[in-house]
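Per full-length UniProt numbering: the sequence shown = residues 1 to 102.
Take the hints with a grain of salt, since some may be wrong.
Said to hold, decoys possible - In silico lysine to any residue, SDA-like type, Cα no more than 20 Å apart, as pairs:
1) LYS41 <-> VAL97
2) LYS41 <-> GLY82
3) LYS41 <-> SER7
4) LYS41 <-> PRO31
5) LYS41 <-> TYR79
6) LYS41 <-> THR78
7) LYS41 <-> ILE86
Read the hints as simulated data drawn from the structure, not as lab findings. None of the values given here were measured: they were computed from a predicted structure.
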Amino acid sequence: QVEAAISLGLSPFQRLRLVILPQALRSMIPPLNNQYLNCWKNSSLAIIISFSDHFAVTNSIVNNAGQAVPAFIILLLTYQIGSMMISAIMNYMNSRVTSVKI
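Required output: the full structure, derived from the provided sequences and hints.
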């Protein structure tokens with residue numbers, strides 16, 4: 001298809017924009033979705049390097065207030081909502097890319 005784009009006289013930028021990127025995006029978006037979700041869910045592991053994240057804040061609330069269940073339910077909902085938002089955005093992008101037939 002790149003050779004066909006060259007034979008049509010498309011410039012390198014047009015080849016990239018009209019031929020190469022649409023094909024690459026189709027195969028890139030599902031793995032990107034997994035990577036974004038892994039980064040979001042594994043952010044709690046960043047506490048190892050003294051990075052204050054949701055889990056550290058929840059632990060300090062539990063230590064100060066003594067109510068572990070509501071604090072961890074809020075933490076669970078935060079991660080779930082964040083994961084669903086990332087997944088929805090990536091699914092929207094995937095539907096936009098796969099709806100165009102080449």
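Okay, the hints, checked on the actual structure:
1. LYS41 <-> VAL97: violated, 26 Å
2. LYS41 <-> GLY82: holds, 9 Å
3. LYS41 <-> SER7: violated, 47 Å
4. LYS41 <-> PRO31: holds, 15 Å
5. LYS41 <-> TYR79: holds, 7 Å
6. LYS41 <-> THR78: Holds, at roughly 11 Å.
7. LYS41 <-> ILE86: holds, 11 Å
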